[in-house]
Structure formats: structure tokens, C-alpha cells
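2 protein chains.
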Amino acid sequence: MSDEVKEVEKRPLSGEACETNITKKPRTETNGKLNDNRCVYLDYNATTPLDVEVLHTISNTLQHAWGNPSSKSKPGIEAAKAVAVARQQVSEMIQAIPNDIVFTSGGTESNNLVLHTALKHFQKTHPESSDMKPHFITSNIEHDAVKLVLEHYKEEYEAEVTYVPVSHNTGAVEVQGVLDAIKSNTCLISIMLANNETGVIQPVQEICERVRSLPQYSSILLHTDAAQAIGKIEVSVRSLPVDYLTIVGHKFYGPRIGALYFRSSKTPEQASAPLYPMFFGGGQERNYRPGTENTGMIAGLGKACYLVTKNLENYAKHMRELRSYFESKLRSVYGERLHINGKFTESERLPNTSNVSIEGMHLKGSDVLRNCQCTQASVGAACHSATKFCVSSILTATGIPEHIAANAMRFSMGRETTMDDIDTVIFDIVKAIKAIDAHS
Amino acid sequence: MSDEVKEVEKRPLSGEACETNITKKPRTETNGKLNDNRCVYLDYNATTPLDVEVLHTISNTLQHAWGNPSSKSKPGIEAAKAVAVARQQVSEMIQAIPNDIVFTSGGTESNNLVLHTALKHFQKTHPESSDMKPHFITSNIEHDAVKLVLEHYKEEYEAEVTYVPVSHNTGAVEVQGVLDAIKSNTCLISIMLANNETGVIQPVQEICERVRSLPQYSSILLHTDAAQAIGKIEVSVRSLPVDYLTIVGHKFYGPRIGALYFRSSKTPEQASAPLYPMFFGGGQERNYRPGTENTGMIAGLGKACYLVTKNLENYAKHMRELRSYFESKLRSVYGERLHINGKFTESERLPNTSNVSIEGMHLKGSDVLRNCQCTQASVGAACHSATKFCVSSILTATGIPEHIAANAMRFSMGRETTMDDIDTVIFDIVKAIKAIDAHS
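Read top to bottom, the protein sequences are chains A and B.
Here my numbering runs 18 ahead of the position in the first sequence, where the first position is 1.
Here my numbering runs 18 ahead of the position in the second sequence, where the first position is 1.
Since the hints were derived computationally from the structure, they do not count as laboratory data.
Derived DMTMM-like pairs (lysine to aspartate or glutamate); straight-line CA-CA distance at most 25 Å:
1) K172(B) x E192(B)
2) K172(B) x D149(A)
3) K138(A) x D149(B)
4) K151(B) x D149(A)
5) K142(A) x E146(B)
6) K449(B) x E345(B)
7) K138(B) x E169(A)
8) K151(A) x E176(A)
Keep in mind that this is a model prediction, so the values were computed, not measured.
Given the sequences, and given the hints that come with them, work out the whole structure.
Given below as C-alpha cells:
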């Protein structure tokens with residue numbers, strides 16, 4: 019997968035054309051797409067709308083398979099079927115088997131469940147008398163749903179944590195850096211598959227292969243949070259020998275629930291991956307995750323996975339073209355003042371993510387976006403709606419100098435983003451920056 | 019609230035009439051009601067269909083407020099508004115304030131979160147050096163989402179648990195029994211508001227009032243799982259001075275998520291109720307329950323609560339009439355052979371729940387229901403889809419003799435259950451029992 023700019027100057031950068039575009043072609047809701055009359059949403063890494071097929075599946079399931087899947091009533095049987103179909107669809111997307119899938123309430127729960135499992139598993143497999151605490155390895159650019167769990171464990175003196183820094187040359191952790199961090203009490207390595215802000219894809223496959231090739235590390239559990247990767251790049255547990263993988267519906271046009279892949283099958287070298295529930299209750303999800311199944315959302319997640327299985331190549335190609343067009347247009351306007359954060363020769367980015375800074379004294383990302391008329395993008399992960407200005411710690415960890423990181427804006431393209439949308443956004447940014455320049 | 023049979027012999031028990039009814043008036047889906055052509059669903063304690071207004075709210079929200087509520091984009095702002103409206107609606111239903119409400123993935127999570135909180139709070143407020151473990155008080159008829167959590171704590175040597183038995187004269191715990199169980203290390207009393215199988219309403223209000231009247235017990239936290247009560251009887255935290263209350267959408271025509279009430283405001287006598295998160299992540303729900311909000315379902319839960327606030331009296335009256343009609347019809351056929359499990363002079367039942375046994379050697383509840391042509395009911399909580407026959411432990415705990423408990427069937431009426439439905443079911447049961455009798 020190449021990250022190069024493929025299409026340049028496809029269209030002239032014309033302010034007038036763009037303005038006309040805005041006024042003459044009001045946007046309307048179509049195909050679950052969204053948007054009010056004037057807005058272009060380029061924040062698909064924060065969340066996506068539901069695909070229209072997913073919406074229909076949810077709606078149908080809520081109406082027709084509303085029974086309790088544990089009940090033998092007719093509506094219950096329908097519901098159990100819907101859950102089984104979805105489990106199949108989720109597993110197929112990542113080339114797993116249905117038994118490997120546990121439905122959860124979302125990515126936060128999936129990540130917490132994995133880390134909890136590693137902690138408990140270590141405690142169960144090590145005598146209480148030994149003072150040894152479990153040791154976790156992660157990167158310094160993880161989502162808070164990994165980072166803050168581990169920080170909590172540290173605060174509670176339950177675990178040790180090594181945060182392997184990403185290289186400033188690649189935006190990714192170095193495989194050797196991860197291996198060097200391994201200690202005798204390492205219980206889990208958790209590295210995200212792609213970063214949400216820069217889009218940089220991490221070498222999870224190589225890390226897993228290297229760890230798995232060393233028999234002395236066979237007890238180390240491997241996890242990847244694939245929240246941002248799914249629906250944008252191929253994610254298969256056949257080529258990615260992890261024990262756990264986090265799936266988050268609303269990042270790929272699915273609903274606000276998630277799933278956890280865990281390797282339920284044994285290999286000659288390895289037992290199946292353990293899974294220690296966080297909740298106890300009515301026995302659903304084989305006791306790994308009790309609670310009456312959210313059937314409608316589960317069916318919707320299945321459908322969203324099915325769409326990815328079927329269409330990933332097209333989605334990725336489309337987003338890559340759009341992103342290339344966007345970046346080349348910006349380059350043509352701002353030249354060397356444009357910094358593409360997270361673009362490194364030696365690493366790959368998600369095809370839809372463009373984190374850019376435009377150099378300038380008064381061009382903080384939040385200020386530029388505030389001055390935009392119709393562009394909806396973000397200055398970092400949506401979860402951090404910080405009230406005061408701050409520089410993204412992900413970008414500084416990636417080696418972006420602070421004054422560049424301060425100006426960063428994250429644009430993330432969707433399946434139905436168009437060239438017109440990009441033109442509109444470019445025009446909008448240019449106009450916003452002109453306005454800021456004029457006032458400063 | 020009286021539990022007496024109010025309407026008797028409103029209609030003749032006519033097999034022919036009923037059969038005609040089945041064939042001439044095929045049931046169709048209306049108003050989120052359900053049902054295939056011949057089936058009558060009387061298992062509303064297991065789950066309910068979505069109210070049509072709830073369904074519309076979910077559908078609208080999924081389409082129009084799909085943004086990330088933490089994001090400042092337009093769709094994000096819409097989503098945050100939808101969540102705020104829902105929080106208001108949920109809080110109004112139980113006469114709480116919006117700040118008291120935390121959205122969760124369901125009742126299992128809400129219950130687990132409360133028990134986890136009590137455990138952690140005890141640990142935080144007692145020196146590690148003291149060997150004292152927290153002590154929990156609960157009943158012996160709780161849902162598995164309370165019972166199994168406490169059993170897990172016991173297995174892990176993290177807590178002591180007292181299971182206060184329900185009285186065989188009332189089907190409810192005795193207030194004095196609960197008070198007598200209090201020890202110096204009691205951290206939480208968790209008693210369900212109404213039992214899911216018998217419908218017996220527990221004296222939670224009196225327990226809370228008694229505990230709160232005794233200053234030496236001010237540190238004891240009070241929880242009630244109101245899963246089965248909401249939408250059937252009035253539930254208000256003004257008259258029910260608990261610290262925590264579990265709300266489960268799908269038990270009252272809402273979606274498969276839940277909420278937790280926790281007393282966020284201080285009183286002169288008491289600090290606000292503590293809440294220790296089980297998950298860590300992106301800061302949503304004021305860090306009590308991080309994870310991108312399931313906006314559509316949350317909005318649906320809000321609407322379901324709004325409907326309860328508005329219509330509870332009518333819902334309850336309707337269900338009570340239907341239940342009385344059902345039981346009096348059964349009585350007219352089976353006389354003294356009919357046992358109404360959970361009906362006690364001195365306690366009240368949920369208005370919709372009828373747990374009955376018909377005496378007879380071969381009339382096990384599961385066998386009778388299997389022989390029914392069109393009746394969908396259950397022999398216990400839907401969560402326990404036991405593969406082999408077993409007697410409900412709830413019923414035996416309630417003092418129902420084993421041979422009666424073995425024959426138990428739980429019929430639970432819904433908002434749109436009709437007299438015709440009841441006639442159909444009575445006819446069906448009578449026919450099923452005749453068929454069993456003929457073959458035995």
C-alpha cells in the first residue's frame with residue numbers, strides 16, 4: 019500500500035467555483051450521508067454516519083427480532099438467529115471464526131476487557147506470594163481507552179507499564195524497541211493498528227511474528243486496537259497473529275457497539291487466549307460478556323462488517339484518491355508552509371487520514387477551523403474536547419515540533435466524500451486563513 | 019395498590035370462540051406489538067418490543083444525530099443535545115435530576131457497576147492493613163447480575179455476603195431480617211424492587227428508611243435493581259431513598275441499554291453516593307462510564323422513560339385488569355388445582371405478572387408450554403435457558419413446594435395485550451393440558 023500523492027491538479031483551485039458550488043448545490047441527506055446545506059464533514063475518524071444498509075438492518079431487527087435471544091419464544095428465536103448471523107459476519111471480516119467473537123458495548127469496553135484479562139490472567143497464573151506484578155507494553159500514542167486503563171493500574175500498584183515511544187522517523191513504534199521492552203513479567207503487548215490522529219499504521223504484524231517466533235515469549239498475550247484500521251485497510255487475524263483485536267462499529271459506518279476478537283482456538287504451540295469477564299450475570303456471550311444482547315445493534319454491526327468484507331478495496335481506493343487530491347491541492351496553495359503530519363517515507367498511513375499544519379503565527383488548528391464556514395474537521399481525537407487550547411500529545415510524541423503541532427488539523431475522508439467536498443473545504447480553509455491573516 | 023382479582027367471568031370460556039378468534043383474526047404487527055399470525059406473547063418480563071414512538075426516536079436519532087457527542091461538529095452537537103434530552107427524560111421518570119443519571123450498556127452493567135463501586139469504596143476507605151472485608155447484604159431471589167457478581171467476590175475472597183431469605187408468607191425479604199444482617203463491615207444492601215418471576219414487590223422503601231434513620235449506618239450504601247418494576251409500578255427516588263437504582267430499557271418498551279441512577283447530591287447527613295468506574299477511556303459520562311455514547315439507543319431510552327412518566331397509570335391499570343381476568347379464568351377451570359405463585363395477602367405483586375402452577379403429575383410448566391399451540395410464556399427468567407429440566411430456585415426460595423414449582427409457568431402481560439389474547443391463551447393451555455392428560 020503506497021501513500022503517495024496520486025492525483026494532482028485534477029481541478030483548478032477556484033474560489034468562485036467553490037462558492038457557487040456551496041450555494042447552488044445544497045447538500046441533502048442521502049444514503050445515510052448527512053450534512054446540512056453548507057457543511058462538509060471530514061471528521062470520519064471521530065465517527066461515521068450509519069451506512070443506509072446498516073440502518074435498514076438495525077431498523078428491521080428492532081422491529082422483527084426484538085425477542086430475548088435467551089428465550090425460546092418465536093421473537094427470541096429470531097433474535098438469536100440475528101445474533102448468530104452477525105457473529106458470522108464479524109468473524110468473516112477479519113478471517114476469524116464465529117467462536118472468536120464476543121460482542122461488547124464498544125471499543126472502550128473491548129480494550130478494557132483485554133487489559134483486565136491480562137491482569138487477571140497474570141494474577142491467576144502467578145502465586146500470590148511472589149511480589150511480581152504484571153508488566154504491560156504499549157506505545158506512547160494509544161487511545162485513552164488503553165492508556166488510561168494502564169495508568170489506572172499503575173496508580174493502583176497493580177501493574178508496571180512500558181510506553182514504547184514511536185520513532186520520529188516513521189511515526190510508528192520500532193519492532194526492536196517493543197522486543198527490547200519485554201521482561202520476565204511481561205503479560206501483554208498492546209499496540210494500536212493505526213493511529214487515529216496521524217493515521218500511521220503500526221508494525222503490529224511484525225511485532226506479533228517476532229514475539230511468536232520466540233518460544234520463551236509464548237505466554238505473552240498480544241492485542242491490537244484496530245478501531246481506526248477496520249474499513250480502511252485490510253485487517254485479518256490470519257496475517258496478524260494477535261490474541262485479541264478490538265472492533266468498533268461506529269468507525270466504519272456501523273452502530274455504537276463493538277466486538278472483541280479473541281483467539282478461541284488452540285495451536286500446537288499455544289493454548290487459546292484467556293478471557294476473564296468484567297461483568298457477571300445471565301450467561302450471555304458464553305459468560306464472557308453477560309447482559310441481554312443488544313440485538314438490533316449487533317445485527318447492524320454484522321451488516322457493517324459484511325459491507326467492509328465486500329467493498330473494502332473500493333472504499334480504500336476512493337478515500338486514498340480523495341486524500342491525495344486534498345493534500346496536493348493544499349500543497350499547491352501553501353507550498354513549503356504545508357506540513358503533512360504523520361507522512362513518512364518508511365511508514366504507511368490510513369488512506370483516509372490527513373493531518374496537516376499550515377505554518378503561520380496565528381494559524382493554530384482550532385483557530386483556522388473556527389474561521390471556516392463549512393468545514394467540519396478536528397484538531398485531535400474527538401474524545402478530548404479540551405476546553406482550553408493544548409497541543410496534541412500524539413503529534414509531539416510523533417516528533418512534530420510544537421509550533422507545527424499547534425497548527426494541526428485532522429481531516430478524515432469518508433466513503434462518500436466527493437471531489438466537490440474537497441474543493442469546498444480547500445476554498446474554505448484558504449478563505450479562513452486569509453481572514454485570520456487580515457486581522458493579525 | 020391492590021392485587022385482588024377485579025374482573026371475573028367477563029367472557030365465557032369457549033374453546034370454539036377462541037379457535038375462531040385465532041383463525042379469523044390473524045395477528046399482524048402493529049405499533050411495535052409483534053406477533054406472528056397465531057402467537058400470543060405473554061413473556062413481557064423477559065423482554066418487550068420497542069414502543070413505536072421509541073422506534074421512531076431511535077431511527078431519527080441514528081439518521082440525524084449520528085455525530086460524536088464529544089465533537090464540536092454539527093452532527094456532534096446534535097448528538098450531544100439528544101443525549102442531554104434523554105438524560106432529562108430518564109431522570110424525570112424517577113424524580114431524580116439529570117446529574118444523577120449515567121448511561122450504561124444495560125442492567126447487567128448497572129448492577130455490576132454498583133457492586134464494584136461498593137467493593138472499591140470499602141477498600142479505599144479502609145486501611146489495607148485491616149483484614150476486614152466488605153460485607154454485602156442481598157436477598158436470595160436476586161437476578162444473576164447481582165447474585166453471580168457477589169458469588170464471584172466471595173470466590174475471590176474479596177467480600178462476605180449475606181443472602182437474606184424471603185419470607186414464605188410474603189415472598190419478600192423481611193425488613194427486620196435485613197437490618198439484623200447488618201455488620202460493622204456492611205458496605206451495601208442490594209435488594210431488587212420486584213422479583214422477575216413472582217412479581218412480588220420487595221420492601222425496599224422501608225428498608226432504606228429504617229437504615230437511613232440510624233446514624234450509625236450512614237456509611238451503608240443502598241441499591242435496588244428496578245429492572246422489572248419500572249413501567250409497571252411507580253418508581254421514584256423521592257420516596258425510595260436509595261443511593262443507586264438500576265434502569266433497564268428493554269423491560270419497558272425501550273432499547274437494550276440501561277442507566278444507573280446514583281445520588282449525586284449531598285444531604286446534610288450524607289455525602290453524595292460514590293461511583294467508581296469499571297472502564298477507563300475518553301471521558302464520556304463524566305468519566306463514570308467512558309465510551310462513545312450510543313446516541314440512538316440513549317435517545318430511545320429517554321423516550322421510553324418519557325412514555326412511562328406520561329402513561330404509567332394507564333399501563334398499570336390495563337395490565338392489572340388483564341392479569342386479574344387471566345387468573346380468574348384459570349381459576350374457573352382449575353379451581354383448587356390452580357396455584358398462583360407469589361400471590362400473598364400481605365405483599366403486592368407487579369400488575370402484569372402471573373406465575374401459576376396447575377397441579378398434576380405430568381403438568382410440568384415446560385411440558386404444558388411445549389404443548390401449547392400459540393402461547394409464548396416462560397418457566398423462569400429468560401436468561402437461564404437451561405438445557406435440562408430444573409425447578410426455579412426463586413420459587414423454592416419463595417416457599418413454593420417443589421412439586422408445585424415444577425409446574426410453574428410465568429405469564430407476563432404487556433401494554434397491548436388484549437382480552438382476546440387472554441382468551442386465546444386460556445384456551446390453548448386447557449387444550450394442552452387435555453392433550454397431556456390423554457397421553458399419560
